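Q: Chain by chain, the residues:
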Amino acid sequence: MNADVLLANLPALLIAVPLFGAFMTPVFGRFLPKIRDAWVILASFAASAVALLLAAQVYAKGAVVYVFGAAPGTGAVPVDSGGIPIRILFNIDGFGAFMLVSAAIVSFAVILYLTVSQSRRSSRSEFYALYLLLVAGVFGMVSTGDMFNFFVFLEINSLAASALIAYHRNGGLAAEGALKYLIVNTVGGLMILFAIGLLYAQYNSLNMAVIASSLSLTTLNLLALVLFIAGLATKAGAVPFHFATPDAYSVAPSGVTALMIVASQAGLYGMFRILFSVYGGVFTSATVGWIVIVLGVLSMFIGVTMAIPQKDIKRLLSYHAVSQTGYMLLGVGVALAVLGDVTLTNAFGQMAMEGGLFHIINHAMYKGLLFLAVGAVIYRTGVWNLNEMGGLGHKMKWTMIFFLIGALAIAGIPPFNGFASKLMIYESTFAFNPAIAIIAMVVSILTLASFMKVFHSVFMGPELPEYAGVREVPKRMLAGMAILAVFVIAFGLVPDLVVDTLITPAADALLHQGQYILSVLGGGL
Amino acid sequence: MIANLPFIAVALLIGIAFAMILLKRNMIKMIMGLGILEGAVNLFLVSLGYREDGIAPIFTSAPADPTMVMPTVQALTLTNIVIGVATTALMLVFVMLIYKKYGTVNANEMRRLKE
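Protein sequences appear in the order of chains A and B.
Reading the first sequence from the start, the letters are residues 1 to 525 in this note's numbering.
Reading the second sequence from the start, the letters are residues 1001 to 1115 in this note's numbering.
Hints were generated in silico from the structure; no laboratory data involved.
In this text, all values refer to a predicted model and were calculated from it rather than measured experimentally.
Among these hints, one or two may not hold up.
Stated by the list, open to error - Think about it this way: if two alpha-carbon atoms lie no more than 30 angstroms apart in a straight line, the pair counts; the simulated DSSO-like pairs of lysine-lysine are:
| no. | chain 1 | residue 1 | chain 2 | residue 2 |
| --- | --- | --- | --- | --- |
| 1 | A | 314 | B | 1101 |
| 2 | B | 1024 | B | 1100 |
| 3 | B | 1100 | A | 311 |
| 4 | A | 311 | A | 475 |
| 5 | B | 1101 | B | 1029 |
| 6 | B | 1101 | A | 311 |
| 7 | A | 61 | A | 314 |
| 8 | A | 314 | A | 453 |
| 9 | A | 314 | B | 1100 |
| 10 | A | 475 | A | 397 |
| 11 | B | 1024 | B | 1101 |
| 12 | A | 453 | A | 397 |
Stated by the list, open to error - Listed next, the stretches of chain A that the computed footprint assigns to chain B, with coverage defined by at least 3 CB atoms under 8 angstroms from CB atoms of chain B:
| no. | region |
| --- | --- |
| 13 | 144–155 |
| 14 | 160–173 |
To be verified - A few chain B residues that don't get close to chain A, going by computed Cβ distances all over 10 angstroms:
| no. | residue |
| --- | --- |
| 15 | 1002 |
| 16 | 1003 |
| 17 | 1009 |
| 18 | 1019 |
| 19 | 1056 |
| 20 | 1058 |
| 21 | 1063 |
| 22 | 1065 |
Note that the Cβ used here is the ideal one computed from N, Cα and C, for glycine as well.
Could you build the full structure based on these sequences and the hints that come with them?
A: Right under this line is the structure:
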């Protein structure tokens, strides 16, 4: 098999590689336990490499449409099908490629970390298999062009994530968090399936581009839209569907939580895809945009106010995750509110969109880094409660530095990446509605205050006698954190370059619905 | 009216399911509610695909002037049943673990995560 064949079939490999890796892991664990960890790292590396190669292809040549089961070169719509694309297809445009980059980097950094941090636990083969399944679910969600296919990957994502949450039982707490997460996500998933049914009944197709090309704003379609937004906001963990998020994030192993940030952002991807690529053309007023903005502002504010009084360090970080999701919704919501208006879109809509999307990848990096650093502290001390920690900076210097980088980035301090994207959101939102921009800044200040408290109580102060035996974590865990820290700093130092290469194609892909439809249907229909 | 009966049943089932999920405190009953919700969505999908006198698109032994129906929704329903089995099984496992540790399946009595 030569390289051209592989390159032409990257979208299929995107799913096949992590699935193969996942199902081979228990086999290795059974017969060759010595090289099992190496196999898992190799499989994750291969999956990430495929995702990055595919993203590079998209950035170089434009959207990739891959039709499963069709001869190469034939279009998405078979000639004898009467204008309906029957086959399942993957449609990876700038937005999908951008999400792939984010997921690829985080999933590889986290597996380096997890293979060490889980080393004291039993029956790890299945744990790693579930991890790779979760990666496959995320990759599938952000690449598919078929609604039902999206639902299936969403369920793979939810099932694998909840199994990972409960994998180490932790006296029943983990099962409790996982059960809440799974119930909430199953209800959300069924709402999405019902909405898919509503659209299929009217347009006889499951293909997003086909539905988008003939959609109109009827009551039924509005009902479907509400169900989509509710279901996907549940997956993304935004207010008012956030109640399971902190429970699940705080009991999962720290590395898993870092990947679950990416998994929940795949829900955000779905929401933006539905709002812009499918429904984008039919909005005549700013109402839906305002709904998204209100969801965003509520998430920001409720998330941060719930985070401040928390004593459990991972629960605190989880509420901050809800709060940061609000920034993404705010940025993209502003863009949605001015979608039909070309002057306003050029004035600040595009920038708001780019800020919101930039914040997605930034949040994946720095929140992943924070969870990994906190996981490292828990790995060495076995303590969750902030009040019982202290003085760990003397013994865990690298972990402290990585945590500080993440904390400054989430608080929006230059020169880290959180500042770059938040500045774009502030500027554009201020042009849209100054009051909202001020709320966003206040939330950012509260975030800073909260993280200074955490940093101080975990790492600063005199050395405590009960932590005399604490050492720095193993090198491979530090390597996982270092990968994310490098991106946090690099994205903060050259934000213009990142925005131009990664973010602008993603924003353009969402803002130009016609291109998305054309990429599947060609000139036909 | 008769043609709309399945959809009325779907609406009723969804109402019962949400009432069970939101009002019942016994986790087993909440999971049963989820099962009913899934059944309602499955019924909805299958009813969408029903056409009078429609047959599956198999051309051998088809009548002279057939109404053929794409079995897409049936495929969707099958997939969703499989997903539903996996989800329900996993949720019941979680309830078993919780019952072993806490000795209860009442959602009000297992709020150790709430602060």
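Q: Now tell me if each hint is right for this structure.
A: Evaluated hints:
1. A/314 with B/1101: Holds - the C-alpha atoms of residue 1101 of chain B and residue 314 of chain A are around 22 angstroms apart, at most 30 angstroms.
2. B/1024 with B/1100: holds (21 angstroms)
3. B/1100 with A/311: holds (27 angstroms)
4. A/311 with A/475: holds (29 angstroms)
5. B/1101 with B/1029: holds (19 angstroms)
6. B/1101 with A/311: Satisfied, since the Cα-Cα distance of roughly 24 angstroms is no more than 30 angstroms.
7. A/61 with A/314: violated (42 angstroms)
8. A/314 with A/453: Distance ~14 angstroms between residue 314 of chain A and residue 453 of chain A Cα, so the pair holds.
9. A/314 with B/1100: holds (25 angstroms)
10. A/475 with A/397: holds (13 angstroms)
11. B/1024 with B/1101: Cα-Cα ~21 angstroms, so holds.
12. A/453 with A/397: Measuring from Cα to Cα gives roughly 18 angstroms; hence the hint holds.
13. 144–155: holds (count 3)
14. 160–173: It holds: at least three residues are needed, and the region 160–173 of chain A offers 7 whose Cβ sits within less than 8 angstroms of chain B.
15. 1002: holds (18 angstroms)
16. 1003: Non-interface label on residue 1003 of chain B holds, nearest chain A Cβ at 13 angstroms vs cutoff 10 angstroms.
17. 1009: holds (14 angstroms)
18. 1019: holds (13 angstroms)
19. 1056: The claim stands: residue 1056 of chain B keeps its Cβ more than 10 angstroms from every Cβ of chain A (closest is about 15 angstroms).
20. 1058: The assertion about residue 1058 of chain B holds, with a minimum of 16 angstroms to chain A.
21. 1063: holds (21 angstroms)
22. 1065: At about 18 angstroms from chain A, residue 1065 of chain B clears the 10 angstroms cut-off, so the statement holds.
The structure does not agree with numbered hint 7 stated previously, though it agrees with all others.
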